[in-house]
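Visitor: Under our numbering, the residues of the sequence shown are numbered 20 to 223, in order.
Calculated directly from the structure, the hints in this document are not laboratory data.
We treat Cβ as the ideally placed atom computed from N, Cα and C, and that holds for glycine.
Warning: the hint list may mix true and false statements.
Unchecked claim - Simulated restraints on C-beta separations:
no.: 1; residue 1: Y130; residue 2: I94; range: 18 to 28 Å
no.: 2; residue 1: T126; residue 2: A180; range: 17 to 27 Å
no.: 3; residue 1: P72; residue 2: R137; range: 30 to 40 Å
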Amino acid sequence: MLSILKNDLVTGASKKDLLIRKRELDWFTRNYWIIATQATVVAGFSFHQLSSPPPEEATAFSALLHITLTSLSFILALYVIVNCTFSCILAPGLALRGADGFESMQTAIRYLRQQQDRILWCFMISLACFVLASFMIVHVFGRRQRLAVRIESVLLFVALAIAFMAARAIMLFQHGSAARSGINTIEEKYGKVGDIDAMVSRRF
């Protein structure tokens, strides 16, 4: 009877550990898909600007800077899309069918946590480059317009506001700081439920 109760206790604790890690895996996967969706929009707009010729009023330096910013935005957005797609496919597969069992799930979640901050920074830089490239287009086209200065001022304010909010959000929710906190010691205990009989026999 005691052996049955012991096995039930160990099984229940292991299932709860697995459920916690499963929720964390689902949460990271959902975040990756959201970031990939937003990066797809940025990549589409960046590709549209790349396929359009620079305006005739633009100088060589302005055209080169615009193409550089737009290309950087497109490349980073494409990197985010590809990285998120492969991570959302391979990480759950490793957690489900890994050869090391529970340790495979640990490895998958640890990888997703480490990559998420890098992906967020790449997406933020891509968005900032796209806004700056759009700012230059408005500057070139609106050079002869009376409201050009006002439009440029508004766009510059919007670009700075987006960069500030994105940087603040990343710093607040950065998982590097969370990994250095007490969660690290708790995480090491997941999946390591010991045998009660062995613990009792060692103590006595």
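Visitor: Determine for every hint whether it applies to the structure shown.
Guide: Verification of the supplied hints:
In this structure the hint that Y130 and I94 lie 18 to 28 Å apart at CB holds, the actual value being about 23 Å. At roughly 39 Å, the beta-carbon separation of T126 and A180 lies outside the given 17 to 27 Å, and the hint is violated. In this structure the supplied range 30 to 40 Å holds for P72 paired with R137, their Cβ-Cβ distance being about 34 Å.
This entry does not satisfy hint 2, going by the numbered hints stated previously; all others are met.
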